[in-house]
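Take a look at the letters that make up each chain.
Number of protein chains: 2
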Amino acid sequence: MKKPLILVTNDDGIYAPGIYSLKKALEGAGDLYVVAPLVEKSAVGHAITLSDPLRVTEIERDNDFFGYAVNGTPADCVKLGCKCILPRKPDLVISGINQGPNTATNVIYSGTVSAAAEAAIMGIPAIAVSIASFTRQEFSFAARFSRKLAGMVLERGLPERTVLNVNVPAVPEEEIEEIVITRQGKGRYEEAFDKRIDPNNRVYYWLTGKRMILDNGNDVDDLVVMQNKVSITPIQYDLTNYSFLEELKKWNIKMD
Amino acid sequence: MKKPLILVTNDDGIYAPGIYSLKKALEGAGDLYVVAPLVEKSAVGHAITLSDPLRVTEIERDNDFFGYAVNGTPADCVKLGCKCILPRKPDLVISGINQGPNTATNVIYSGTVSAAAEAAIMGIPAIAVSIASFTRQEFSFAARFSRKLAGMVLERGLPERTVLNVNVPAVPEEEIEEIVITRQGKGRYEEAFDKRIDPNNRVYYWLTGKRMILDNGNDVDDLVVMQNKVSITPIQYDLTNYSFLEELKKWNIKMD
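First to last, the sequence lines map onto chains A and B.
Heads up, the first sequence is in my numbering, so the first residue is 1 and it goes up one at a time.
Heads up, the second sequence is in my numbering, so the first residue is 1 and it goes up one at a time.
By construction, these hints were calculated from the structure, which means they are not laboratory data.
Everything numeric in this text was worked out from a predicted model, so none of it was measured.
Heads up, some of the hints might be wrong.
Remember, identical chains collapse to one label, so a pair may be satisfied in a single copy or spanning two.
[Stated by the list, open to error] DSSO-like cross-link-like pairs, simulated, lysine-lysine; straight-line CA separation at most 27 Å:
no., residue 1, residue 2
1, LYS229, LYS249
2, LYS148, LYS250
3, LYS24, LYS195
4, LYS229, LYS250
5, LYS250, LYS83
6, LYS186, LYS89
7, LYS210, LYS83
8, LYS83, LYS186
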């Protein structure tokens, strides 16, 4: 069998610890290319860069990690990587390991997930991996599990335009209870803004907020992670609200 | 009945012609607040600004258009508008009128749609409106239709977390044939990058590409607009691939 070609990316930037651990864990699983943002691009959603030129810089870390840094978003990295850097369309795109959970409503703001989504739209199986802590830098279980899941996806494939969104709890490995296949929750942040005055007497605002749990059940991504379990949600990109389509037709909307 | 409170936003920026036409058409329909990006924010996806402070500038155009400009994304405008600028949670958020179609895969890159999505997530009925031309600046039908649809939505409401994504063909009003309730298509761009050398001998890339039609049928957003019809797609933000959930459980993924 031909060696699989794997594109590794993230949204925390090419110098983040999570992508280093992920790349190391994948060594031997295929031909690996790292194409990642030059700087952190968190909460960029599914942004692409249309109005600025993209540049690629070759980066080496610790003499054993080579990658291509792009001055753009995670989705840019996948597009540019597949078209201009890799020798052919990859067999798998894996994005992460993100520092901070990408569950519930956060999925739609996530640069990590958007990179995987971009791959899925291009017809490439894709996985997004996050750990549920912004500070704890212990990626070894998440990295090893990513490699295992990558192998399964390379073997079995994924349905059209589907991403596996993986979230690993931020606890020691021996406390992780199990793997649960989940749905995306509705939990979101109740926003607040911290209003401040700068030294020049101008008002500015910081976005802040409190996390709200809006689901119950044993199959919801954010709740599962809080129970020290690994969550895997299959996500897709047809946003149509099919259950409301027929009802909306009955509105009988006319032009005038 | 209390006058409805309406937040008007967009992604082309507060100085774009589309938001001016939209605001004008909505006058009399309720108490209107314009909160929009200070500069153009196209293709930003569902980005939010976490790492920079947000600032608000009061803007007046032509002595008859007053609004609040935010140095952030469309989603930022909705969050900040609802929490810090409007006197209460609005009854409707309407985003547009965007110059360029937001159909098929483009929906997930769209700042216009992301503003409406942000509102829907906050529990506010929301509409996104685009015209299918990047150059033609004729918004009068789209603006009038937006007002009509806004009235219907204010009266009937929308299901939880649902946005109406409206796309108007860029043809004279008399050539528009009808209104069609649609689903989101799979059409996407086949990406290409234009590789160039800058005056300092450095390589850079422009994202470019060719639009691909990947559907057929009379109920697909991008195809309907190409047939000179108005497309209205109800979209929602649970990305779970439910049809693959059970299959994925059978993979029986273990921790080691």
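Are any of the numbered hints broken by this structure? If so, which, sorted upward?
3, 5
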